[in-house]
Amino acid sequence: EAGVVQSPRYKIIEKKQPVAFWCNPISGHNTLYWYRQNLGQGPELLIRYENEEAVDDSQLPKDRFSAERLKGVDSTLKIQPAELGDSAVYLCASSLPSLGTDTQYFGPGTRLTVL
Amino acid sequence: SQQGEEDPQALSIQEGENATMNCSYKTSINNLQWYRQNSGRGLVHLILIRSNEREKHSGRLRVTLDTSKKSSSLLITASRAADTASYFCAASNTGKLIFGQGTTLQVKP
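As they're listed, the protein sequences go chains W and L.
Count along the first sequence from 1, add 91, and you get the number used in this note's numbering.
Count along the second sequence from 1, add 946, and you get the number used in this note's numbering.
Keep in mind that the hints were calculated from the coordinates and are not lab data.
Any given hint could turn out to be false.
[Unchecked claim] Once the Cα atoms are required to be at most 20 Å apart in a straight line, the calculated DMTMM-like pairs of lysine to aspartate or glutamate come out as: (1) Lys1002/L x Asp148/W; (2) Lys1042/L x Asp148/W; (3) Lys1016/L x Glu961/L; (4) Lys1015/L x Glu999/L.
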């Protein structure tokens, strides 16, 4: 079974430029998460989707961040414009809560460097 | 920040020794989970302990949970060089995971 796929793995951009990250969750997983992980810290939730609905986006900086999950499968996270403080690893995870557990399966992440 | 605390922040031991790391959290929980992260990789789920459980074992892993103190510990017995990684606890509440800051474990061969 394929795991969570993310691309790109690395991205270097200059500040004020836009950037987008893509995630393909495990097949059949209806819940998808985007996290940001700063160096030396644990992941922090940005947004959680159940199917195509964003059910928790309270930590998403909506002035510059946006996300979508069309058709309830793949998801894209966008930053426009990027700031120096956005440098971090962006992790995507998926889960299937109907199995009775909220164990999350993580992709390898996208390491973003903003210069 | 909602993140919990983990202690120690870093731990260095010899292969074969046991490693213990502790976690404190702030919210009420449905369960508490532990994840491992190898350098430059995503997180991998290790073990889940429900709020009504006090101890759980899985292979060389032993997890304890004290909900009255809002704390948990992870013990890795007979450590191996391959256990070198960062370990994170995650408090689960209504489908949301709140991660601690992690413990970096180095196991020297």
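Checked hints:
1. Lys1002/L x Asp148/W: Since the Cα atoms of Lys1002/L and Asp148/W sit roughly 33 Å apart, the hinted pair is violated (cutoff 20 Å).
2. Lys1042/L x Asp148/W: Cα-Cα ~11 Å, so holds.
3. Lys1016/L x Glu961/L: violated, 30 Å
4. Lys1015/L x Glu999/L: holds, 14 Å
The structure fails hints 1 and 3 (numbered hints given earlier, in ascending order).
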